[in-house]
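The chain contents come next:
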Amino acid sequence: MNVRSAIHLVCLRPFFLGLALAFAVVQPAAAADTIDPAADAKAFQKYFTDKFPKVKLEDFVNGPYSMNEDMHRQWEEKEEFPPYEFSLDMGKEMFAKPFKNGKSYADCFANGGIGVRQNYPYFDEKEGKVVTLELALNRCREANGEPPFSYVKDEMAALTAYMAFTSRGKPFDIKIPNDPRALEAFETGKQYFYTRRGQLNFSCASCHVRNPGERIRAEILAPALGILNAMPIYRSEWGGMGTISRRLTTCNVQTRGVPLDPQSDEYRDLEYYLSYVSNGLPISGPGARP
Amino acid sequence: MASTIRVRATATGDTTEVQALIQHPMDSGYVKDAQGQIIPPHFIQQLTFECNGKAVFVANWGTAVSKDPYVKFSFKGGNKGDDLKISWVDNKGASDSTTAKIS
Amino acid sequence: MSMIRSKAPISMLALIAALLGAGASPALAAASEDDFKAAYAAAVDANKQAGQLRDQWTVTATALASAKKAADAGDFDKAVADAKEAEALAKASVFQATSEKSAWKAMEIH
Chain A
1 MNVRSAIHLV CLRPFFLGLA LAFAVVQPAA AADTIDPAAD AKAFQKYFTD KFPKVKLEDF
61 VNGPYSMNED MHRQWEEKEE FPPYEFSLDM GKEMFAKPFK NGKSYADCFA NGGIGVRQNY
121 PYFDEKEGKV VTLELALNRC REANGEPPFS YVKDEMAALT AYMAFTSRGK PFDIKIPNDP
181 RALEAFETGK QYFYTRRGQL NFSCASCHVR NPGERIRAEI LAPALGILNA MPIYRSEWGG
241 MGTISRRLTT CNVQTRGVPL DPQSDEYRDL EYYLSYVSNG LPISGPGARP
Chain B
1 MASTIRVRAT ATGDTTEVQA LIQHPMDSGY VKDAQGQIIP PHFIQQLTFE CNGKAVFVAN
61 WGTAVSKDPY VKFSFKGGNK GDDLKISWVD NKGASDSTTA KIS
Chain C
1 MSMIRSKAPI SMLALIAALL GAGASPALAA ASEDDFKAAY AAAVDANKQA GQLRDQWTVT
61 ATALASAKKA ADAGDFDKAV ADAKEAEALA KASVFQATSE KSAWKAMEIH
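Chains as they are written, first to last, in the working numbering: chain A, 1 to 290; chain B, 1 to 103; chain C, 1 to 110.
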């Protein structure tokens with residue numbers, strides 16, 4: 001169904017739900033059903049492969065280009081001479097350049113930071129929180145006396161573009177340790193993904209689960225499966241490379257919701273959830289999008 | 001300092017296909033910065049591709065071309081190993097050029 | 001002319017909240033600065049609640065700004081109207097965040 005009628009229909013539902021709750025005895029929140037990320041991931045992938053039987057599992061990482069023949073042709077051409085080359089080169093230079101104290105990014109990451117992007121985000125059991133790649137990069141900077149980069153600007157985008165590039169082809173390999181806090185983070189991320197927000201009352205799922213391949217204004221919507229694999233992305237709309245943080249905050253604004261601060265707990269958990277359910281799909285970043 | 005021009009030219013038969021990606025802000029002069037000040041126009045005015053000294057593609061651009069422009073075109077009369085020179089001049093008088101071999 | 005016209009699709013929630021929230025005010029009496037202060041405070045309060053629920057709307061902020069601007073210019077009728085719209089929007093956002101705590105499951109892939 002188109003997005004507009006979907007909004008009207010579901011707008012009514014919470015209202016009636018509210019009424020129903022007002023009259024019924026309020027049930028206490030059901031004792032937590034076991035959080036089962038593996039089952040969630042399986043169901044998630046099955047939903048999309050069923051919906052798009054002609055699309056190979058690994059092709060979902062190309063977002064709208066996997067949804068539309070004409071766009072796929074354009075994407076192939078773009079890959080011959082990608083618009084993100086300048087940002088990628090800048091990222092490579094930045095990554096190699098030592099900090100003022102002589103150390104470099106390579107010192108903060110396993111394998112010198114090469115070919116590790118598919119392991120992020122991870123759950124830090126000491127801290128009890130999810131750590132994303134962008135967060136890890138800024139922590140690396142701060143630990144070495146450098147000021148942190150903005151999460152939504154070019155420098156962070158260039159750095160993550162380079163790191164993604166070194167992992168191209170490697171499947172997402174997000175781990176959820178058997179730690180109730182990690183399971184909770186996964187669940188919080190999942191809840192964020194499906195929760196409606198903003199005056200336009202969209203959840204991430206409204207577009208990326210209910211309407212992939214359909215248009216919202218002039219854009220073709222990407223499926224949620226594999227949606228982070230291509231990040232960061234060079235968006236023609238932005239005229240430049242943009243980070244995951246930038247996309248999450250701008251998506252919020254587009255539904256007329258005030259965005260949270262980049263790398264807020266909710267966003268970190270959301271990234272954790274979305275990456276995990278795309279485990280097995282290859283990193284294709286940096287990507288190019290309309 | 002790296003060139004602002006990336007180019008790839010391939011000859012198949014008597015047709016040479018050229019792709020180029022040029023790094024340039026291409027500011028239209030209509031956009032305001034965070035402080036509300038107009039960012040002055042700064043764009044490539046002329047872009048020239050020459051094969052063996054002869055112009056095969058000349059573009060006169062204005063403010064409608066977006067940042068980091070990408071150009072793709074084909075021409076006849078080029079051969080493998082020929083020199084393809086690309087040069088641009090912008091409205092501030094800055095310029096850059098590079099030469100690549102047709103492969 | 002109000003800049004905070006909600007564009008279609010108009011949230012059913014916002015509409016209902018607006019109708020519930022709008023107090024009955026006599027059509028003849030002009031709004032005073034005190035009226036504005038009360039309306040504005042109520043709106044800010046509701047918006048704070050929405051902030052705690054991590055679901056503030058951009059249009060609420062716009063309405064609040066518009067109300068303040070009108071008040072600064074001395075147009076308290078507009079200021080009060082804008083503040084009441086801001087309050088209605090903020091309340092709708094609180095309603096959304098609260099109901100979504102359970103309603104989100106309806107969207108979930110199973």
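Among the hints, a few may not be true.
Subject to a maximum C-alpha distance of 20 Å in a straight line, what follows is the list of computed PhoX-like cross-link-like pairs (lysine-lysine) [said to hold, decoys possible]:
| # | chain 1 | residue 1 | chain 2 | residue 2 |
| --- | --- | --- | --- | --- |
| 1 | C | 105 | A | 42 |
| 2 | C | 69 | C | 105 |
| 3 | B | 92 | B | 67 |
| 4 | A | 78 | B | 72 |
| 5 | B | 80 | B | 54 |
| 6 | B | 32 | A | 153 |
| 7 | C | 69 | C | 101 |
| 8 | C | 37 | C | 48 |
| 9 | C | 68 | C | 78 |
| 10 | B | 76 | B | 92 |
| 11 | A | 175 | A | 129 |
| 12 | A | 54 | A | 42 |
| 13 | A | 175 | A | 42 |
| 14 | A | 78 | B | 92 |
| 15 | C | 105 | A | 46 |
| 16 | A | 153 | B | 67 |
| 17 | B | 54 | B | 32 |
| 18 | B | 32 | B | 72 |
Estimated spans, in silico, between C-beta atoms of each pair [as the list claims (entries may be wrong)]:
| # | chain 1 | residue 1 | chain 2 | residue 2 | range |
| --- | --- | --- | --- | --- | --- |
| 19 | C | 45 | A | 68 | 20 to 28 Å |
| 20 | C | 53 | A | 169 | 39 to 47 Å |
| 21 | A | 112 | C | 108 | 36 to 44 Å |
Read the hints as simulated data drawn from the structure, not as lab findings. Just so it is clear, the structure is predicted and the values come from calculations on it, not from any experiment. Heads up, the beta-carbon is just placed ideally off N, CA and C, and yes, glycines get one too.
Assess, step by step, whether the Cα of residue 80 (chain B) is no farther than 20 Å from the Cα of residue 54 (chain B), and give holds or violated. holds (16 Å)
For residue 105 (chain C) and residue 42 (chain A), compute the direct alpha-carbon distance and say whether it is at most 20 Å. Between residue 105 (chain C) and residue 42 (chain A) the Cα gap is close to 17 Å, so the pair holds against 20 Å.
Straight-line Cα separation of residue 76 (chain B) and residue 92 (chain B) no greater than 20 Å? With a Cα-Cα distance of about 33 Å, the restraint between residue 76 (chain B) and residue 92 (chain B) is violated, given a limit of 20 Å.
For the pair we were handed, residue 54 (chain B) and residue 32 (chain B), check the Cα-Cα distance against 20 Å. violated (40 Å)
Satisfaction of hint between residue 92 (chain B) and residue 78 (chain A), Cα-Cα up to 20 Å: violated (30 Å)
Next pair to validate is residue 32 (chain B) with residue 72 (chain B); report whether the Cα-Cα distance is within 20 Å. Status violated; Cα separation ~30 Å.
When you take the CB atoms of residue 45 (chain C) and residue 68 (chain A), is the distance between them in 20 to 28 Å? violated (47 Å)
For the pair we were handed, residue 54 (chain A) and residue 42 (chain A), check the Cα-Cα distance against 20 Å. Satisfied, since the Cα-Cα distance of roughly 18 Å is no more than 20 Å.
Can you tell me whether the CB distance of residue 53 (chain C) to residue 169 (chain A) sits inside 39 to 47 Å? Holds: the Cβ-Cβ distance is about 41 Å, inside 39 to 47 Å.
Pairwise hint evaluation, residue 42 (chain A) against residue 175 (chain A), where the allowed Cα distance is 20 Å at most: holds (15 Å)
Going straight from one Cα to the other, do residue 153 (chain A) and residue 67 (chain B) come out at no more than 20 Å? OK: residue 153 (chain A) and residue 67 (chain B) at ~17 Å, within 20 Å.
What's the verdict on residue 68 (chain C) and residue 78 (chain C), does the C-alpha distance respect the 20 Å limit or exceed it? holds (10 Å)
Of the hints listed earlier, those the structure fails to meet are numbers 2, 7, 10, 14, 17, 18, 19, in rising order.
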